[in-house]
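Novice: Given the coordinates of chain A, assemble chain B onto it according to the supplied hints.
Residues per chain are reported as follows:
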Amino acid sequence: MRERDGGSVTITNLSSKAVKAFLDYAYTGETQITDDNVEMFFQLSSFLQWLWGLALLGSTWAALTTGALGLELPSPCREVLWPLPAYLLVSAGYYALGTVGYCVATFHDCEDAARELQSQVQEACADLARRGMRF
Amino acid sequence: MASEEASGSLRRSRREPEGRAPRQDKYSVLLPTYNERENLPLIVWLLVKSFSESGINYEIIIIDDGSPDGTRDVAEQLEKIYGSDKILLRPREKKLGLGTAYIHGMKHATGNYVIIMDADLSHHPKFIPEFIRKQKEGNFDIVSGTRYKGNGGVYGWDLKRKIISRGANFLTQILLRPGASDLTGSFRLYRKEVLQKLIEKCVSKGYVFQMEMIVRARQLNYTIGEVPISFVDRVYGESKLGGNEIVSFLKGLLTLFATT
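Chains A and B are the protein sequences, given in the same order.
Going by this note's numbering, the letters in the first sequence line up with residues 5 to 139, in that order.
Going by this note's numbering, the letters in the second sequence line up with residues 382 to 641, in that order.
Here chain A stands alone, though its shape is the one from the complex (with noise of 0.2 Å):
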């Protein structure tokens, strides 16, 4: 992998500044924050939630597919392993598929509510009329 292989990993879209006070928290438990960088706070701890787990989960499945931690699985569990992630993200697709229709199937029809604004709308230039109103 070219970040193994190249000594140092490059991190774009992210303020100096921010990742800075982060890691000065990690590594002594305080970190000044102000006005000005709380924001720069809010996206890098946004980000790097996602980043995170993503490696979390990554890192896991190739530990456990490739044998690198010299943990040999028996040959059943790794072939549900291999295709997991592919698996995976087609259950999230079923799974997006199905809350959206099924939000889609139960979306409210508001017909009484049209139908009172349609009189409400006669009543209202009636009385609009009446006061001078000149549409």
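The hints are simulated quantities; they were obtained by calculation from the structure and are not laboratory data.
For glycine and all other residues, C-beta sits at the position ideal for the given N, C-alpha and C.
One or more hints might be untrue.
Pair ranges (Cβ atoms, derived) [said to hold, decoys possible]: (1) B/Asp466 - A/Ala100: 49 to 59 Å; (2) A/Leu52 - B/Leu477: 35 to 45 Å; (3) A/Ala90 - B/Asn520: 46 to 56 Å; (4) B/Leu635 - A/Ser19: 17 to 27 Å.
Specialist: Below, chain B alone, put in the same frame as chain A:
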């Protein structure tokens, strides 16, 4: 003599204990308009009706962006009918965008709560007393109308529009985890200082602006309550949701995901 009166009134105000007869809440409705000559009288009539029937102290601030169809003339007539203490006209020369319209409107708002909504009758003022009730119930900083929960819903959308709407909302919920079910809706009640703070921080435009406000509100730990509303779309027939709008929504969503 003068100093006695002054100290007398000072003593009176100091004597008044906290919580007894609080300063009355006032609700300012911000109505940015552009070419709403037909709808403006109707929405104002409905607003006045809802507020008067519930005995709520209110004002309506109409921010017209130089509409060529005579919206301003209609607004002036409404001011004469209902009084300039209730209808405030604060127009601008040309179409300048929603965020700046809110800022402009808020400068003239004397209420301590601000309600934003659409002027094209898709949002019905009858929900405003419910927003107010909900806000008091939970002491929320923001109350947002939702079309996706409870008995909230929509009228006038075909299947394609519903799918796009729900699909977009699903994506938004996954990427932004906002803690509110309807992010692109723009029928909301804010505490005035909360709205001011959020507008300062938001940089997006259009739909995405409304989404960004909620996301930033969550970040800043403001509390958000929700009230189901019905959205009656009478304009949909004229303005179909095109590919362009979808693309710009996705771009906006990804920008928000990356930057908040």
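Novice: Against each hint, give a clear statement of whether it holds in the structure.
Specialist: Against the structure, the hints:
At roughly 51 Å, the beta carbons of B/Asp466 and A/Ala100 sit within the given window of 49 to 59 Å. Between A/Leu52 and B/Leu477, the C-beta spacing of about 37 Å keeps the proposed range 35 to 45 Å intact. For the hinted restraint 46 to 56 Å between A/Ala90 and B/Asn520, the CB-CB distance of approximately 48 Å keeps it satisfied. Hint check: B/Leu635 to A/Ser19, Cβ distance near 19 Å, so the stated range 17 to 27 Å holds.
The structure fails none of the hints (numbered hints given earlier).
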